[in-house]
Amino acid sequence: MPDERILRPCADGVNRRRIASPYTGVWRMAPSTWADPNEYYMDNDHFHTYVAGDWTVTETQAGATEALTDGIGGQLLVTNTNADNDTVNMQKVGEIYQLTGSNQLWYEARFQANEATQIDLIFGIAETGTALVASPVDDGVWFIKDDGDANIDFEIRKSGTSTKVDTGIDLVADTWVRVGFYFDGSRCHYFVNGVELGALGGTNLPDDVTLRSSMAIQDGDTAGTIGAMTLTVDYVKILQEI
Amino acid sequence: MPDERVLFPCARGTNRRRIGSPYSGTWQRCPSAWADMNEYYGEEDHFITYRAADWTVTEVGDGSGTQALTDALGGELLLTNSALDNDSIEIQKLGEAYRCANSNQLWYEAKFQVSEATESDFLVGLCITDTTLIVSNPTDGIFFSKDDGAVALNFEIRKDGTSTAVDTGVDVSAASWIRAGFYFDGTRVHYFVDGTELGALGGANLPDDEDLCVSFANQNGDGNARTMTIDYYKVVQES
Chain F
303 MPDERILRPC ADGVNRRRIA SPYTGVWRMA PSTWADPNEY YMDNDHFHTY VAGDWTVTET
363 QAGATEALTD GIGGQLLVTN TNADNDTVNM QKVGEIYQLT GSNQLWYEAR FQANEATQID
423 LIFGIAETGT ALVASPVDDG VWFIKDDGDA NIDFEIRKSG TSTKVDTGID LVADTWVRVG
483 FYFDGSRCHY FVNGVELGAL GGTNLPDDVT LRSSMAIQDG DTAGTIGAMT LTVDYVKILQ
543 EI
Chain L
1285 MPDERVLFPC ARGTNRRRIG SPYSGTWQRC PSAWADMNEY YGEEDHFITY RAADWTVTEV
1345 GDGSGTQALT DALGGELLLT NSALDNDSIE IQKLGEAYRC ANSNQLWYEA KFQVSEATES
1405 DFLVGLCITD TTLIVSNPTD GIFFSKDDGA VALNFEIRKD GTSTAVDTGV DVSAASWIRA
1465 GFYFDGTRVH YFVDGTELGA LGGANLPDDE DLCVSFANQN GDGNARTMTI DYYKVVQES
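Chains as they are written, first to last, in the numbering used here: chain F, 303 to 544; chain L, 1285 to 1523.
Next comes chain L alone, as it looks inside the complex:
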């Protein structure tokens, strides 16, 4: 049986009882379990169910775009755009529940795929509430994105409308799963693709004074209806 009596130091020096994680990758330092809800909170959604009312959905198009569960192992949410260039679907979970501040660690990972690698834009991560996540990036957020006309997967931290962005070095392939994750260690945000740490960003553009919500956006790059399929996302934050 696990011995939870051992206290583990957390980022801001507060000891918390938890079952520590031995994982590598995004979840390297994340607790597997905890009893006191005043120490961590989070959500893990495998899209076994989908309730539209839990999300703010913004559609650009003729109204034929859809967001619906699709039959697949583990449960998946399928976002299907309408068919004109620059039609899009953006969904944000209700409630800006996360903030990278006060040295409170945060872990995030999403597993998703898109139907088109080049002729599409997407954004996946944590953002301030915004209905034009792709057209005019949110003022504050931490996210992975891909631009129309390119396949490079970028990682970006953004505060008050100013960004630090990097090319992760990973290219997006159509209809191929990507696990995009980051870990906020209290100061910097380490970013991971498919479980491999590729770098870390911090400094002036770390959005440490705004609350952020789970955000997904997908936009056509031409006159074809593009899709984004989300297998899961998980966020854990230290209280």
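For reference, chain F alone in the conformation it holds in the complex:
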């Protein structure tokens, strides 16, 4: 029997009863379960279903698709068309997360793409924007892979100014990657495939705006020889302390 009588200190100094997670990695400090809905909220989407109306989808070209695909656990397949800079930009409806008040937040997404270099990708939480790759929004926390290299970078951005680091991990085509971060109340610890690689905080932490679950794919193949690029998303999970 778990001993939930023990009050566990949370980042904002408010003790909450919860069953603590024994995990390492992103979920190390996350509660596994809780009864009181006034303590945490969560969006845990394994894409067993996909309701287009839950997302704001911006496509720069006709012919792009977003649809469930057969895959263990449920997967969302985003398919671009073949021209350079074709983009699919997806944001979950509702700016409902904020890195403030020392309320902890956990984020992780698992995905793969069919191309490692000639593609741009973004995964994270961001304020509303319809061109996350071409015109980054002023505020957000995200992983980004730029066209022309395979580096997975991690970025925090506030009021249009960023702190950005190369995680040291490269994207590999057709290979699952898990990217996640944990906001401990002051800094964002970033993880790739469950391994903590560093933490960012300070003046560029976007602590004064609400943010949306966001992801984007953009074709980077100027010659158009690679063909339509695809992004397959296994899950996105976000948990925030109230």
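No lab work stands behind these hints, which were simulated from the structure alone.
Heads up, the beta-carbon is just placed ideally off N, CA and C, and yes, glycines get one too.
Some hints could be false.
Residues from chain L that keep clear of chain F, each with C-beta distances beyond 10 Å, as calculated [what the hints assert, rightly or not]:
1. T1413
2. V1419
3. T1423
4. D1432
Partial list, derived from the structure: chain F residues whose beta carbon lies under 10 Å from chain L [what the hints assert, rightly or not]:
5. T402
6. T430
7. R514
8. S515
With chain F's structure known, arrange chain L on it following the hints.
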């Protein structure tokens, strides 16, 4: 790691494996988690999404009333009435899925606010399907309500058109969050506001022979468009 091997007695004497909750307030005896879906069921909606098709929506007014997600921490649903006196919006989740009977425990809590404390009516709780929740209360239900012209938050159990109702002693303030919850222990319904138990009702007017659904209603008390904002609701029931 939690040890779920320990069996916990439930209200009707059936032992169930569960991770027990140590909470005070509404969730005092509620399980935090369980594996067997034949032991509990429930729903927890923080309005991260809103699908109109999941609800029966009844609007009184000129058709300009709205129900929509609004940007806010945690997700919120905003109900906005049209602007005449007694215009209203009522929403009920499809499916009468809950019943306070057979000693099956039930937990309910909603966190919400209204834009006006006095010149409005509202109702929040579990009710039988009904499209006039405020004008003529449902025949059966367990709910919190506030009457036009008053700020008192009332709690009521109602069976076959007859009620037992009490003033919780808590007054509603405009644009201020309220957590209204109740816990059915198998016999009586304990009611809570902002996590504090304020009393319990039971007896002849406990609606134990009807299935109930999640219900929200908000009605103007004057010629201004009033709003209700719902942060979340959660219901857990023993099977």
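Okay, the hints, checked on the actual structure:
1. L/T1413, annotated as away from the interface, keeps every beta carbon of chain F farther than 10 Å; the closest lies near 24 Å.
2. No beta-carbon of chain F is positioned within 10 Å of the beta-carbon of L/V1419; the least distance is around 30 Å.
3. Against chain F, the non-interface label of L/T1423 holds: every CB pair exceeds 10 Å, the least being about 29 Å.
4. Listed as a non-interface residue, L/D1432 keeps its Cβ farther than 10 Å from every Cβ of chain F; the least gap is roughly 28 Å.
5. Hint on F/T402 holds. Least Cβ distance to chain L is approximately 9 Å, under the 10 Å limit.
6. Satisfaction of the interface hint for F/T430 is found here, the shortest Cβ-Cβ separation to chain L being roughly 8 Å, below the 10 Å cut-off.
7. Restraint check, F/R514 versus chain L: the minimum CB separation of about 9 Å is within 10 Å; hint holds.
8. Because the beta carbon of F/S515 sits about 9 Å from the nearest beta carbon in chain L, less than 10 Å, this interface hint is met.
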